[in-house]
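One letter stands for each residue in the lines below.
2 protein chains.
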Amino acid sequence: MISQTAEYALRAIVFLAGQEGMPCTTAFIAEATRTPAGYLAKVMQSLCRAGLIVSRRGLNGGFLLKKSPEELTILAIINAVDPIRRYPECPIGIPSHGRRLCPLHSRLDEAAAMVEQAFGQTTVAEMLTVAQKHKSACRFPGVRSAPS
Amino acid sequence: MISQTAEYALRAIVFLAGQEGMPCTTAFIAEATRTPAGYLAKVMQSLCRAGLIVSRRGLNGGFLLKKSPEELTILAIINAVDPIRRYPECPIGIPSHGRRLCPLHSRLDEAAAMVEQAFGQTTVAEMLTVAQKHKSACRFPGVRSAPS
Chain V
1 MISQTAEYAL
11 RAIVFLAGQE
21 GMPCTTAFIA
31 EATRTPAGYL
41 AKVMQSLCRA
51 GLIVSRRGLN
61 GGFLLKKSPE
71 ELTILAIINA
81 VDPIRRYPEC
91 PIGIPSHGRR
101 LCPLHSRLDE
111 AAAMVEQAFG
121 QTTVAEMLTV
131 AQKHKSACRF
141 PGVRSAPS
Chain C
149 MISQTAEYAL
159 RAIVFLAGQE
169 GMPCTTAFIA
179 EATRTPAGYL
189 AKVMQSLCRA
199 GLIVSRRGLN
209 GGFLLKKSPE
219 ELTILAIINA
229 VDPIRRYPEC
239 PIGIPSHGRR
249 LCPLHSRLDE
259 AAAMVEQAFG
269 QTTVAEMLTV
279 AQKHKSACRF
289 PGVRSAPS
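Chains V and C, in that order, give the protein sequences. Counting from 1, one number per residue, gives the positions in the first sequence under my numbering. Counting from 149, one number per residue, gives the positions in the second sequence under my numbering.
So that you can see chain V by itself, here it is in the shape it has in the complex:
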């Protein structure tokens, strides 16, 4: 339902949010979230362009969250890399339809709106709060130490 790209972006952001401000390299995040490093590098660029993360150069450099986990929603992350498609007007391009969608596209748009609402109400902080309650089931696999 969401793309692989969006899923990798979510893994990376949730992981970063758990690092308490420590910059992390792509290789480090890729290992921890079990994501292909080359693919993840492109995803991280998209997240930078969207202003969700920043890249700090130099020794001990890496990526950092730009927003706090409390204000960052799942929806914002998905929409930064592979937006949920809505149907503001007839996608078939029938002039007489315009913004009056046919029943099929109305139903698809309703479902997309429902998912947008659910993801728009879920913050990254909530993902961490639940993770702390059930550590064994929710944490990313341990990584030995911060990258140097």
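Careful: at least some of the hints might be erroneous.
Claimed, not checked - What the simulated footprint calls covered on chain V by chain C, stretch by stretch (three residues with Cβ under 8 angstroms from a Cβ of chain C suffice, anywhere in the stretch; the number is not a length): (1) 8–18; (2) 63–74; (3) 111–122.
As the list claims (entries may be wrong) - Just some of the chain V residues that point at chain C, by a computed CB distance under 8 angstroms: (4) Met-1; (5) Gly-21; (6) Met-22; (7) Val-54; (8) Arg-56; (9) Leu-59; (10) Met-127.
Quick caveat, the hints were computed from the structure, so don't treat them as lab data. Think of the CB as a built atom: it goes at the ideal place given N, C-alpha and C, for glycine as much as any other residue.
On the provided structure of chain V, position chain C as indicated by the hints.
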């Protein structure tokens, strides 16, 4: 939220359902639903393999629905060509997670389940019923005559 492939499959099936048993060629459906014919041909093959439509050969041949619009759901069409992804177990492959999903994947799975439920309760017949009530906004653009 659903792929372009799934959207084209839905257009084709809803169109076929409105033809009252008249076989339609790919070219005819592509014109009516404003879908690229080459792309649609592959989608129609997938729908055939999934048993949702059948192909009748010969003069006046074409595709026909195999199931009635009343028993065919939007979910069945989407799942025939590009299934909605569920998370029966940890997609990161963390052995200790197994079927106990982390909060992120739990949330993604909940949203997928919500969409599955909505689409599973919506039949192609409903798309037609609403279309007949609001003809001007819901019908595919007119095509001159059945293909020969």
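Structure-inconsistent hints, enumerated in ascending order:
The structure conflicts with hints 2, 5, 6, 7, 8 and 9, although it agrees with all the remaining ones.
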